[in-house]
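Asker: Residue strings, one per chain:
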Amino acid sequence: MVAVRLIRIDEPEKSIRALALVDSGADHCLFQRELGEQLGLEFDDLPLVTGRTAAGPIQIPVCRLKLELLGQVFECAVGFVDEAKLEKNLLGREGIFDQIQLGFRESRLEFYFRWEP
Amino acid sequence: MAQENLRVAPRVTQDTTESLAEVIGLLPGDTFRFTSGAPAYTTLRIFHPVALWVKGIELESAPPEQDEIEWLHAHPEVWTQYAGQWVALTTDGICAAAYDVNTVFERAKECGAQEPIVFKISASKGPKFYAND
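From first to last, the protein sequence lines are chains H and P.
Read left to right, the first sequence gives residues 1 to 117 (the numbering used here).
Read left to right, the second sequence gives residues 1001 to 1133 (the numbering used here).
If you are wondering where the hints come from, they were derived from the structure by calculation, not from laboratory data.
All clues given are correct.
Lysine-lysine pairs mimicking BS3-like chemistry, simulated, CA-CA at most 25 Å apart: (1) H:Lys14 x H:Lys88; (2) H:Lys14 x P:Lys1109; (3) H:Lys14 x H:Lys66; (4) P:Lys1109 x H:Lys66; (5) H:Lys66 x H:Lys88; (6) H:Lys85 x H:Lys66; (7) P:Lys1109 x H:Lys88.
Quick caveat, the model's predicted, so the values are computed rather than measured.
One chain only, chain P, in its complex shape (with noise of 0.2 Å):
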């Protein structure tokens, strides 16, 4: 997620983290960041079906895995595209995909990624969780 997305919520500073419905009280949608250091709720959009870090105590803190995760909301067509299949995501998408799971690791370090995150999509179930939109 872009820097210039990031929108602060000045009221939400460190003497109302330990209160959860200052955090809560942000609009759906919004990004934030404490405007301290101070450990704090952290708040996960759930999208389909993948949990989207939006933002915890500062940008520094996000998880590694941030990008892949945008990547994989926007992209809510490899659900079915690679259906039954394991597949590997990197932060530039879809690296490598197959029915065996040693493929996949094999082509996705052909293809240079460093660590992808490897799952195995469902073949015989839709989403488990669906989109705000």
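Next comes chain H alone, as it looks inside the complex (with noise of 0.2 Å):
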């Protein structure tokens, strides 16, 4: 997991910061409804994706923000699920992994992250 600040590109000013797993199992980046809820994003005004979860489909309402990670910051889409429905926000493929390499070495716990596509 690694720390990440979300971003609103219409008000920068607010902005709040929580753990993220960097998934490569996930489509797309998913945070917690609650802390969008902090951002005072309104989430009837969203556009909805519809999300594949192991009870079934569910409706997941959309924004685009400013994420920044590890230094950076970028745009990406970012989804919003009940908290009861997801344990941890997610970093998913798109609008991340399109933007950096990264890989794992398990025998030493590290884990390797460039900001290069």
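Quick one: dock chain against chain with the hints and give me the complex.
Answerer: Okay, structure coming up:
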């Protein structure tokens, strides 16, 4: 897990910091809805995408935000899901993995990360 | 992480930053910095369950959350102590905890935390990643 700052594009003074799991198994970036509420997002006004969960499909409001991760800031679409359905915030492939190189060396418990496509 | 703990690996230079093999040739637990300011790989050690920024390009480039993450690594007891709760983490440690996220933000504000890292600690499962100790 890494620390990440979520910043509203339309109101950059509104931001929060959270922990998120870098998850190559996730298609999208998903954060707990409660954090989006702290940013003042109006979920009823956001477009919805259909997400798949073990319990079946769910409708996920998506907002384009700026994310600050390891000192870099970039824009990314972020979906918000009730924390009851999302145990951890996830940094998924879309919007993240196309901007970085990363790798794991499990024997050394190391995680390699580079800001370059 | 204090400056004195930083160990410079002189063989990792601008000429070698393109080579991941050079970077991963460091010993486990090494901290390092590059002898030039060239963009390069950043090594993160995976602790339970938070990745700790070891050192990237230069000390100044370390992200602002480094102190908080290091505190969290040094206090693994918080993962059981606050299981099921939202917590607010600052450089001084957990400044607020509650089962309701709004309460956590309110308490963090009351204790003067400028912008804590707020996250929910799972109540149902143990750590996903384990430390190398």
